[in-house]
Amino acid sequence: MSEQSGNGLRQRGLAWLWLRRFSQVISLCFFLYLFLRYRYQDQNLLQGPLHLFFRLDPLLWLSEIVASWRWTWFFLPALAVLLLTVLLGRFFCAWICPLGALFDGIGTALNARRGRQPGNLSPSYRLIKYLLLLVLIVLAIFGFNWIGIFDPLALFFRSLALAIYPAASYSGERLFDLLFGLSPEKWGDSLDAIYSVLKGPLLAERALSYHLLVFTGLLFIGVLLLELVERRFWCKNLCPLGALFGLFARWRRLRRLPAKLCGDCGECKFLCKMDSFATESGRQNLRECILCMSCQVSCRENRVQYRFKASQPAVPHPDIGRRRIVLAVVSAAVSLPLLKVGSKRAQAQAIRPAGALPESEFLQRCLRCGACMKVCVTNGLQPLLLQGGLDALWTPSLVPRQGYCEFHCTLCGQACPTGAIRALSVAEKQRTVIGKAVTDPSRCIPYARGQNCLVCEEHCPTSPKAIVLRPQKKMNPHGKVVTVKLPVVILDRCIGCGICENKCPVEGLQAGIRVRPLVSMEQRLLEKAQGAGRKA
Amino acid sequence: MRRRTFLKRMLATFAMALGLDGSLFQKFFSEFALAAPDLPRVATGTNQDYSRLLTDIMHALGGMERFVKPGQRVVVKPNISWDRRPEFGANTNPLVVKRLVELCLEAGAGEVTVMDRPCNDPRRCYRDSGILDAVRSIGSDRAKIKHLNPRRFVEVKLPRGVSLKQWPFYRDALEADVLIVAAPAKQHGSARLSLSMKNIMGLVGGRRERLHVGGLHQHIADLNTGLRADLSIIDATHMMVANGPSGGSLDDVRVLNRVAASADPVAVDSYAATLFGLQGEDIGYIRYGYQMGFGQIDLNKINLVEV
Ligand code: SF4
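Those protein sequence lines, which keep their order, are chains A and B.
Under my numbering, residues 2 to 537 are what the first sequence spells out, in order.
Under my numbering, residues 189 to 495 are what the second sequence spells out, in order.
Hint data in this document are derived by calculation from the structure and do not stem from the laboratory.
Heads up, a few of these hints could be off.
As the list claims (entries may be wrong) - Dumping the calculated DSBU-like pairs for lysine-lysine here, alpha-carbon to alpha-carbon at most 35 Å:
| id | chain 1 | residue 1 | chain 2 | residue 2 |
| --- | --- | --- | --- | --- |
| 1 | A | 475 | A | 486 |
| 2 | A | 475 | B | 353 |
| 3 | B | 345 | A | 187 |
To be verified - Estimated spans, in silico, between C-beta atoms of each pair:
| id | chain 1 | residue 1 | chain 2 | residue 2 | range |
| --- | --- | --- | --- | --- | --- |
| 4 | A | 126 | B | 356 | 55 to 61 Å |
| 5 | B | 467 | A | 201 | 44 to 50 Å |
| 6 | A | 30 | B | 347 | 51 to 57 Å |
| 7 | B | 470 | A | 474 | 18 to 24 Å |
| 8 | B | 439 | A | 482 | 34 to 40 Å |
| 9 | B | 327 | A | 74 | 40 to 46 Å |
| 10 | B | 273 | A | 30 | 19 to 25 Å |
| 11 | B | 321 | A | 73 | 26 to 32 Å |
| 12 | B | 321 | A | 175 | 30 to 36 Å |
| 13 | B | 479 | A | 219 | 55 to 61 Å |
| 14 | A | 175 | B | 479 | 42 to 48 Å |
| 15 | B | 296 | A | 185 | 27 to 33 Å |
| 16 | B | 470 | A | 199 | 43 to 49 Å |
Unchecked claim - To give an idea of the interface, some chain B residues facing chain A are shown, with a C-beta separation under 7 Å as derived from the structure:
| id | residue |
| --- | --- |
| 17 | 311 |
| 18 | 337 |
| 19 | 338 |
Quick reminder that beta carbons are idealized off the backbone N, C-alpha and C, glycines included.
Make a model of the complete structure from these sequences and hints.
What follows is the structure, given as structure tokens:
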């Protein structure tokens with residue numbers, strides 16, 4: 002082999018490496034761009050290939066299948082990814098996965114700062130991700146779907162939506178505060194111009210805050226910091242999507258040559274971010290290699306290349322072991338009742354967005370990706386922590402004090418990648434009852450203080466209004482008897498949008514009027530009767 | 189000129205602070221600001237062609253040139269409170285706004301900015317009211333439509349206010365050479381009617397909901413001491429007679445195709461009340477406005493022309 006052709010391999014490897022990095026960066030940027038597109042885009046219609054990344058994700062497809070037992074073309078791209086995985090192996094992880102790109106970027110930066118690369122943990126840790134995948138699937142089959150909580154794309158999106166973006170947008174706003182404050186007279190107008198351009202596309206329309214901001218943010222940072230323990234810690238040991246790819250990669254056709262570490266060098270063992278070479282045999286584990294191309298680029302002897310091979314005996318993988326599998330399945334099944342504790346409470350606590358499927362189905366199909374909360378124009382959709390049990394963690398619920406459901410808006414249904422929230426037409430949405438407003442006479446100003454107020458009536462969007470005014474004699478704080486107008490909710494008109502609670506001038510967390518979720522059976526029956534009455 | 193207007197207003201405020209009585213204030217505005225006694229105080233009319241209608245009305249009032257001088261900065265404040273389409277009459281009709289802006293531009297305005305502080309999501313209100321597109325369709329770079337920037341509110345002392353002594357107002361509206369309020373005529377649960385004086389609430393900051401408690405009418409009148417429209421337009425093209433101020437059903441709307449205008453907000457509101465079968469006296473803030481000297485409430489003393 003001449004020097005020239007040997008160098009050629011490395012050179013080609015280098016080209017592939019840069020192509021890969023390019024693809025990673027583009028993918029990450031596109032992911033972020035699409036993330037930012039989950040907003041009111043000057044019309045009540047979300048445009049663009051918003052769900053692209055979700056649709057590429059076979060794990061989410063699996064989740065959808067297990068949750069609904071239905072075939073859908075929506076996840077066709079995921080099928081393509083799976084087929085490619087059979088051919089190429091876990092290419093997704095190094096070429097497409099935006100979270101993987103972030104790991105590579107942040108890991109490199111962090112470890113460079115620290116001045117040393119982390120070592121490798123024992124390969125047996127990697128079994129965790131397979132067991133996790135298994136447990137998640139078993140639980141999902143039994144009606145407890147936490148796949149979205151661990152799926153890397155859903156996790157990334159959720160962390161962006163609930164923590165990173167609000168924090169970044171807040172910092173941006175404070176920066177403008179500072180700049181405006183410097184010299185409002187001189188710079189005010191030009192700053193205003195810059196500001197109005199950034200506002201919307203980049204900076205959030207309103208100051209966002211989310212209930213689980215700190216929790217979600219810390220978890221995400223924690224996952225990123227795992228790069229300090231081991232490169233691609235998450236991808237090697239935890240990622241259930243990586244595990245799924247690993248399962249399919251065992252048949253991969255694109256193989257590395259030589260298939261083993263070379264006896265005279267063995268550098269690749271330390272180079273490989275995925276630690277994909279077995280310690281004893283030195284063979285490469287096809288399920289772990291993510292085609293990052295580093296070994297081909299770095300091989301001093303110019304020996305490494307990737308080639309399509311018709312077939313080859315499957316490469317042994319550290320076996321999960323039948324016992325472990327059985328144990329995992331059984332313990333998942335056994336823990337199920339425990340995990341479901343309190344899930345009935347969700348119904349009593351949560352005001353689900355209009356178009357949400359019936360509660361149990363909703364919980365099954367919701368990915369906890371946070372897309373609905375990102376797109377919500379009023380910031381009213383908030384994640385649940387444990388109010389609804391573990392089952393409902395991170396699922397959306399309207400918190401009217403924070404933001405109401407905008408009457409003409411149907412964006413959350415469009416933003417939901419799985420249809421856990423159905424995309425309703427505006428007319429349908431306006432008929433959908435998500436809760437019922439109830440006045441609190443101990444706090445509502447006209448009731449409690451004998452003063453007129455009526456902000457809730459003013460804002461009520463239904464026609465005829467669901468809040469009407471009843472004049473009544475009341476004693477005011479000065480002991481005078483006056484006639485005040487009391488707001489009264491006409492229950493069968495109220496759709497529970499919560500604008501009354503949101504705009505109520507009563508200070509504090511508890512307004513003078515509050516929206517209650519539709520809990521009891523009676524209420525549901527009432528609804529039905531009213532629906533029938535309206536039709537008649 | 190901008191500064192001069194500002195100083196003028198400051199001076200007026202100081203004069204009041206010095207304890208001069210309301211009659212002087214009234215004189216100040218009604219005689220000084222409404223100079224030209226031979227011209228009608230309120231002009232109104234009906235026409236399906238809103239563009240024509242506004243042209244005629246402004247002509248009757250002495251032309252837009254009377255209000256807008258070349259190079260001046262104008263703020264037009266329509267009502268863009270609700271995420272509702274034009275036919276529901278919850279916001280000012282976009283064609284009315286458009287013609288108004290055009291008239292200002294024709295009078296030589298240096299810059300005309302349209303703005304409001306909505307109750308629903310601002311972007312949706314601007315879009316669905318049709319006003320965003322209407323202003324953009326003028327295609328002039330002197331015609332702008334802007335969202336309010338929360339940093340541009342300034343605290344304003346209201347020495348003449350009876351129950352409000354200070355409140356944040358939007359800087360651009362305070363500093364404008366000419367302020368034009370274009371208010372849709374609407375029924376309103378707590379204010380009874382939402383007319384031009386009520387519309388000043390769209391240019392104030394803070395928690396506006398609090399204004400509803402403890403005397404909304406007085407609060408509205410007080411806010412009008414901080415900011416006075418040079419020209420007040422009542423848009424009764426689609427008058428909302430029920431379920432106001434947000435409406436939402438065509439049954440709530442009477443199509444009158446009527447517009448009224450005046451330099452005197454009390455007079456035009458008082459006139460608009462009659463469209464609902466009420467009198468200016470029936471509406472608290474109009475009455476207070478009159479008592480505080482902002483203008484004339486008595487329709488018999490108002491020179492009203494129908495164009
Ligand atoms: S292992 Fe998971 S997180 Fe890592 S790159 Fe692959 S899919 Fe992304």
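Practice item. Please write out, lowest number first, the hints stated earlier that are contradicted by the structure. Key: 10, 11, 19
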